[in-house]
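Q: What follows is each chain in one-letter form.
Number of protein chains: 4
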Amino acid sequence: MTIRIGLLGCGRIGQVHALSIKALDGAKVVAVADAMPAAAEALAATTGGAVRDATAIMGSDDIDAVVIGTPTDTHFDLIHGAARYGKAIFCEKPIDMSVDNIRRCMDAVGAAGVPFMTGFNRRFDPNFAALRARIAAGDIGALELVAITSRDPSPPPVSYIERSGGLFRDMMIHDFDMARFLMGEDFVRLHAVGSALVDPAIGTAGDVDTAAVILTTATGRICQISNSRRAAYGYDQRVEVHGAEGMLRAENQLETTVEIATEAGFRRDPAQHFFLERYRAAYLAEMTRFIEAVADGTPAEPDINDGLQAQILADAATRSRETGDPVDL
Amino acid sequence: MTIRIGLLGCGRIGQVHALSIKALDGAKVVAVADAMPAAAEALAATTGGAVRDATAIMGSDDIDAVVIGTPTDTHFDLIHGAARYGKAIFCEKPIDMSVDNIRRCMDAVGAAGVPFMTGFNRRFDPNFAALRARIAAGDIGALELVAITSRDPSPPPVSYIERSGGLFRDMMIHDFDMARFLMGEDFVRLHAVGSALVDPAIGTAGDVDTAAVILTTATGRICQISNSRRAAYGYDQRVEVHGAEGMLRAENQLETTVEIATEAGFRRDPAQHFFLERYRAAYLAEMTRFIEAVADGTPAEPDINDGLQAQILADAATRSRETGDPVDL
Amino acid sequence: MTIRIGLLGCGRIGQVHALSIKALDGAKVVAVADAMPAAAEALAATTGGAVRDATAIMGSDDIDAVVIGTPTDTHFDLIHGAARYGKAIFCEKPIDMSVDNIRRCMDAVGAAGVPFMTGFNRRFDPNFAALRARIAAGDIGALELVAITSRDPSPPPVSYIERSGGLFRDMMIHDFDMARFLMGEDFVRLHAVGSALVDPAIGTAGDVDTAAVILTTATGRICQISNSRRAAYGYDQRVEVHGAEGMLRAENQLETTVEIATEAGFRRDPAQHFFLERYRAAYLAEMTRFIEAVADGTPAEPDINDGLQAQILADAATRSRETGDPVDL
Amino acid sequence: MTIRIGLLGCGRIGQVHALSIKALDGAKVVAVADAMPAAAEALAATTGGAVRDATAIMGSDDIDAVVIGTPTDTHFDLIHGAARYGKAIFCEKPIDMSVDNIRRCMDAVGAAGVPFMTGFNRRFDPNFAALRARIAAGDIGALELVAITSRDPSPPPVSYIERSGGLFRDMMIHDFDMARFLMGEDFVRLHAVGSALVDPAIGTAGDVDTAAVILTTATGRICQISNSRRAAYGYDQRVEVHGAEGMLRAENQLETTVEIATEAGFRRDPAQHFFLERYRAAYLAEMTRFIEAVADGTPAEPDINDGLQAQILADAATRSRETGDPVDL
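Protein chains in written order, with the numbering used here: chain A, 1 to 329; chain B, 1 to 329; chain C, 1 to 329; chain D, 1 to 329.
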């Protein structure tokens with residue numbers, strides 16, 4: 001059985017998913033849509049799919065599932081449309097900037113009974129996935145503390161920052177999902193701090209570029225997260241987890257395994273810079289899992305509730321950072 | 001010129017300092033004192049010093065400096081006595097459990113004009129000292145974030161915990177000093193969380209064994225600290241510092257450089273377990289600096305104000321953990 | 001322009017190349033051939049190419065290039081056939097077990113003026129390629145010594161060993177090519193030793209499973225190679241190069257970046273075990289280069305002379321190991 | 001019981017041993033001798049020993065053991081003298097440049113029945129000692145291959161080279177001993193190559209500065225050694241051992257554990273440069289073992305036969321390098 005996909009959004013992330021689908025045996029792109037005709041046509045050529053408009057795709061009988069990679073403010077309508085027509089849905093994060101809207105999407109998806117997967121690709125990174133499998137296998141005993149470091153190579157333009165919802169919703173949301181994924185217990189309290197140290201213009205725009213958060217669970221487990229919009233040495237993506245019997249850590253992926261030793265010491269490559277390169281395997285594994293879930297009817301994770309919970313944490317962190325006080329969840 | 005030392009306290013830390021002094025050319029132990037005569041006699045034999053009582057040592061003409069390694073509640077009187085007789089003072093941390101008492105010691109020391117050094121040995125660890133020198137040299141540009149991880153191999157007995165002043169004053173005080181040492185800017189706000197995850201009896205005793213703190217400075221720089229009373233893989237002592245142009249990190253010292261590769265993967269040794277082994281070089285460098293400061297009259301660091309400031313942070317963290325709210329400093 | 005490929009040999013390595021070609025924009029598989037009809041049909045289905053016999057492929061007008069992945073003893077005829085019909089040729093190593101035969105192939109290829117590339121995939125491994133680029137850039141100054149370690153995860157069946165030509169021709173030939181690739185100067189003398197330490201049956205079959213070779217150049221540069229048919233910790237593929245100003249080394253690729261720290265120490269994953277996984281990027285880069293060379297007429301490397309020179313070294317090493325004496329080249 | 005030491009030779013290595021003895025409880029330096037009165041007096045002041053001449057020391061009743069750190073050409077007479085007077089002997093490597101002379105020393109020592117230890121300090125390096133303990137514990141199964149890399153930070157003056165006996169006797173002799181120490185089986189054949197790549201003047205002086213050797217045992221085990229008189233990145237001292245079930249490797253000791261990450265990548269410190277710093281722990285452990293062996297009458301290792309065997313290998317390597325042919329041992 002081949003899952004027939006309608007691709008909504010033909011920008012960078014849409015192209016990534018198209019490439020993943022092309023590499024998979026059990027799925028094909030049947031149709032693509034984008035507000036920019038040229039983008040849609042280019043991806044149609046690459047995938048062999050037809051250009052249609054988004055509404056048409058949702059109503060098409062020859063479409064089993066939609067992959068939504070359009071701007072965030074279009075997600076709400078597309079999810080409702082796809083659910084109405086009984087299509088399986090893969091939606092990029094964030095599902096919506098409003099927690100209320102996500103809840104309404106959740107209702108619509110639940111009522112329609114369609115599979116839904118949220119695009120938290122990092123869960124599928126082979127390193128993080130292996131780390132979590134080891135936690136689950138009990139390799140470090142009972143969990144005590146999770147520490148996540150996430151730093152972009154360089155900040156996006158301030159124009160992007162302005163409509164991003166802020167660092168906690170735009171960037172740290174990935175880390176909130178990772179924290180939930182690894183901790184396996186709900187957080188009950190959160191305290192966030194943040195500053196504009198990288199670029200004062202980001203501060204002027206009302207956002208921060210450097211931030212740290214502490215979260216705690218009801219049983220007293222602790223999670224530390226730090227984010228920055230800048231890292232000279234590449235895309236810094238690390239996780240460290242402590243348990244009663246030891247520690248697990250996932251280190252950065254470097255560009256090569258080559259080391260040079262000179263008078264200055266021993267030098268290895270920077271971390272892979274570009275998120276598409278760093279998470280290439282994750283994007284493929286994520287889409288593989290979605291296709292599989294659609295094909296065999298198993299529940300896909302991360303689901304729409306995971307998208308909701310991460311957004312709730314991002315909202316709380318935004319509030320905590322603004323007020324300077326912790327927030328109970 | 002040889003600095004003549006009176007050693008007050010012949011327990012484990014007194015022995016460490018005695019050994020350091022023995023290895024140095026510019027100093028010798030002239031007299032030792034301890035509440036336990038056997039301990040004093042043993043160290044007298046090793047060092048070639050005479051056994052005297054503490055009061056006698058402070059009043060002795062043949063003593064230039066005292067090294068205080070007695071129980072914390074005796075520090076106040078010993079510092080005042082030594083200051084009165086014009087002796088240079090090296091005092092183990094914490095100087096006193098009461099911030100007010102430390103302030104009174106500070107006044108006495110200031111009035112007497114004697115050199116005073118606080119025993120924050122980690123500043124002298126070759127790794128942390130090198131890391132700080134690189135910050136000062138501008139190797140990573142303007143500082144943004146400091147992250148300190150500090151985990152003991154295993155918890156002390158609950159009887160020790162009960163009179164320790166709590167994790168923040170007994171253990172994290174070292175990290176507060178390290179944070180100040182590296183950050184080079186005062187902290188203005190602090191939020192601490194903590195739990196008893198290692199041993200419920202520690203919780204019953206009113207303390208925590210797992211804790212995390214966020215500190216911020218007036219310019220928005222951030223410091224994250226995490227502590228645990230347990231680390232299966234040795235004495236975990238790491239520092240990571242981010243700046244505009246890069247990151248510095250000091251990793252653990254492992255027992256050897258040997259790696260074994262088998263079906264299970266590539267395995268290196270645990271981190272050095274024992275604090276005396278891990279910080280041997282630091283203890284020697286610390287005493288070297290004290291002797292040097294006494295000999296040439298240069299101001300010693302960390303000084304008594306450093307001891308005070310760390311205690312203020314430890315008190316604030318204790319309060320923040322108890323109330324659940326941040327504390328302004 | 002799309003390069004039209006005829007794939008000769010549909011076994012494991014043929015499938016690897018087919019997959020690479022599928023992923024490339026500038027080429028497509030037009031026809032496939034294999035002595036086993038089922039293998040040919042399976043690969044035809046995957047690639048969209050037609051099943052033809054090898055002779056037909058070489059004479060086809062709709063074929064620009066052949067990729068030869070058939071058993072070694074068929075290479076000679078296929079190369080001659082393809083050269084006669086003016087097809088570009090990619091041929092797996094070894095080109096032939098006989099140095100004389102390779103010379104005759106070289107003549108035929110030279111006379112026909114067709115592009116020819118030898119399948120020494122490791123030159124295209126991103127790590128080794130980066131290492132060599134740094135040598136070329138002068139990062140470690142004038143070259144002094146190259147050390148290559150190459151160990152298979154486990155030995156092949158003795159039946160394979162018996163018709164393999166021996167370890168030096170079957171396995172170390174890759175390292176001889178790597179040595180030439182990195183050294184950039186011809187070797188003039190070689191001394192090889194070897195033993196059957198992994199499996200006595202390999203010794204009974206007249207071969208060795210553990211071997212070391214020293215090669216020297218006219219200017220006195222030195223190369224050390226060691227091989228084993230066994231490595232408990234994965235597929236061990238390392239290169240170390242020393243120059244006047246430093247050292248470069250390419251380390252193994254581990255399965256993930258995850259490290260676990262327990263009482264036993266710090267443990268990372270084994271090296272990637274399977275050669276197709278370890279050299280996936282190399283196989284793709286190799287075929288990319290071949291297609292490019294065919295398309296733009298640039299000389300492809302490694303060429304047929306590289307295949308010849310590696311075979312000459314492998315023959316010499318075999319002889320040296322048997323006689324116990326060095327061989328002049 | 002305190003072992004009373006006579007120190008013969010007050011140069012750099014004599015000072016190292018004097019410092020070790022000072023740090024040990026069971027021994028003291030009673031007398032020192034050196035051809036240069038100033039050197040003897042300086043070390044007498046440091047150790048508290050008396051200045052005597054070497055002959056007097058050997059005949060003194062208040063001396064239990066001599067530590068010989070004089071120029072190599074004086075060792076023969078000093079060993080014979082000390083043996084005659086029944087003193088325990090610690091002698092720096094090489095014992096003598098002539099294998100015949102070493103055999104005669106061996107006879108004298110054997111006849112006198114005095115303890116004798118050869119100064120192959122690297123056996124006592126904590127890393128190499130741990131590595132060997134793991135081989136002995138069977139951690140990697142039956143041994144197959146030993147690879148030793150040893151590179152000095154920079155070449156000594158040519159004047160030193162000229163009277164050094166050549167690289168194989170002066171430098172690689174340490175690695176020959178390490179090879180014997182780790183392999184635990186005699187070598188039967190050896191092939192050495194070498195060149196003057198670092199400094200042509202070394203070649204003019206008849207020596208090499210870059211060398212590689214292959215050794216084999218009767219059961220077919222293999223050892224690879226490489227040496228260079230230059231390493232930009234510090235004193236390169238590494239060992240790698242392969243067995244049926246895995247690999248052990250001892251990596252270099254770096255100056256600190258600090259890593260810096262910038263645009264250029266991740267950089268750690270150079271290896272410790274100075275041999276006294278790199279092998280400080282080894283020198284102390286070596287002298288500790290000697291004192292212990294003298295005190296309790298247990299046989300000390302490495303013994304005089306170890307000194308002889310390493311010299312035999314160094315002679316054979318010198319000859320092999322000169323003739324270009326392997327040498328049977």
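Hints are computed from structural coordinates only; laboratory data are not their basis. All values derive from a computational prediction rather than experimental measurement. Beta carbons are placed, not taken as given, at the ideal position from N, Cα and C, and that holds for glycine. Warning: the hint list may mix true and false statements.
Far from chain D, by Cβ distances over 12 angstroms, these chain B residues were calculated [said to hold, decoys possible]:
#1 Ala39
#2 Gln237
#3 His273
When the alpha-carbon atoms are kept at most 30 angstroms apart in a straight line, the in silico DSS-like pairs for lysine-lysine are as follows [what the hints assert, rightly or not]:
#4 Lys28(B) x Lys93(D)
#5 Lys22(A) x Lys22(C)
#6 Lys93(B) x Lys22(B)
#7 Lys28(D) x Lys93(B)
#8 Lys93(A) x Lys28(A)
#9 Lys22(B) x Lys28(D)
#10 Lys93(C) x Lys28(A)
Simulated restraints, written as ranges between beta carbons of each label pair [what the hints assert, rightly or not]:
#11 Ala35(A) x Thr298(C): 39 to 49 angstroms
#12 Gly48(B) x Ala42(D): 18 to 28 angstroms
#13 Met36(A) x Thr298(C): 56 to 66 angstroms
#14 Phe274(D) x Ala264(C): 29 to 39 angstroms
#15 Asp139(A) x Tyr160(B): 25 to 35 angstroms
#16 Thr219(C) x Gly110(D): 40 to 50 angstroms
#17 Ala111(A) x Gly11(C): 29 to 39 angstroms
#18 Gly220(C) x Ala133(A): 44 to 54 angstroms
#19 Lys28(D) x Asp328(C): 53 to 63 angstroms
#20 Gly110(B) x Ala264(C): 49 to 59 angstroms
#21 Ala133(A) x Phe274(D): 37 to 47 angstroms
Q: Take the hints in turn and mark each one as holding or not.
A: Against the structure, the hints come out as follows:
1. Non-interface status of alanine 39(B) relative to chain D is upheld: no Cβ of that chain comes within 12 angstroms, the nearest being about 19 angstroms off.
2. Some Cβ of chain D comes within 12 angstroms of the Cβ of glutamine 237(B); the nearest lies about 10 angstroms off, and the non-interface call is violated.
3. At the 12 angstroms boundary, the C-beta of histidine 273(B) stays outside the reach of chain D, the nearest C-beta of that chain being 15 angstroms off.
4. This hinted pair does not check out: lysine 28(B) and lysine 93(D) have alpha carbons roughly 36 angstroms apart, beyond 30 angstroms.
5. Using a Cα cut-off of 30 angstroms, the hinted pair lysine 22(A) and lysine 22(C) holds, with the two alpha carbons roughly 11 angstroms apart.
6. With a CA separation close to 22 angstroms, the supplied pair lysine 93(B) and lysine 22(B) stays within the 30 angstroms bound.
7. Restraint check for lysine 28(D) and lysine 93(B): not satisfied, since their Cα atoms lie roughly 37 angstroms apart, outside the 30 angstroms limit.
8. Restraint check for lysine 93(A) and lysine 28(A): the C-alpha separation of about 22 angstroms stays at or below 30 angstroms, so the hint holds.
9. For the hint pairing lysine 22(B) with lysine 28(D), the CA-to-CA distance comes to about 16 angstroms; that is within 30 angstroms, so the pair holds.
10. A threshold of 30 angstroms between alpha carbons decides the hint, and for lysine 93(C) with lysine 28(A) the separation of about 36 angstroms lies outside it, so the pair is violated.
11. Between alanine 35(A) and threonine 298(C), the C-beta spacing of about 42 angstroms keeps the proposed range 39 to 49 angstroms intact.
12. Separated by about 22 angstroms at the C-beta atoms, glycine 48(B) and alanine 42(D) satisfy the suggested range of 18 to 28 angstroms.
13. For methionine 36(A) and threonine 298(C), the Cβ-Cβ distance of about 37 angstroms falls outside the hinted range of 56 to 66 angstroms, so the restraint is violated.
14. Our hint of 29 to 39 angstroms for phenylalanine 274(D) and alanine 264(C) holds, since their Cβ atoms are close to 33 angstroms apart.
15. Range check, aspartate 139(A) to tyrosine 160(B): Cβ separation about 31 angstroms, and the 25 to 35 angstroms hint holds.
16. Taking the beta carbon of each, threonine 219(C) and glycine 110(D) are about 48 angstroms apart, inside 40 to 50 angstroms as hinted.
17. Distance hint check: the CB atoms of alanine 111(A) and glycine 11(C) are about 52 angstroms apart, inconsistent with the given range 29 to 39 angstroms.
18. At roughly 52 angstroms, the beta-carbon separation of glycine 220(C) and alanine 133(A) lies within the given 44 to 54 angstroms, and the hint holds.
19. Under the hint 53 to 63 angstroms, the C-beta atoms of lysine 28(D) and aspartate 328(C), about 60 angstroms apart, fit the expected range.
20. Distance hint check: the CB atoms of glycine 110(B) and alanine 264(C) are about 52 angstroms apart, consistent with the given range 49 to 59 angstroms.
21. A beta carbon spacing of about 46 angstroms between alanine 133(A) and phenylalanine 274(D) agrees with the range 37 to 47 angstroms that was offered as a hint.
Taken one by one, the earlier hints fail for this structure at numbers 2, 4, 7, 10, 13 and 17, listed in ascending order.
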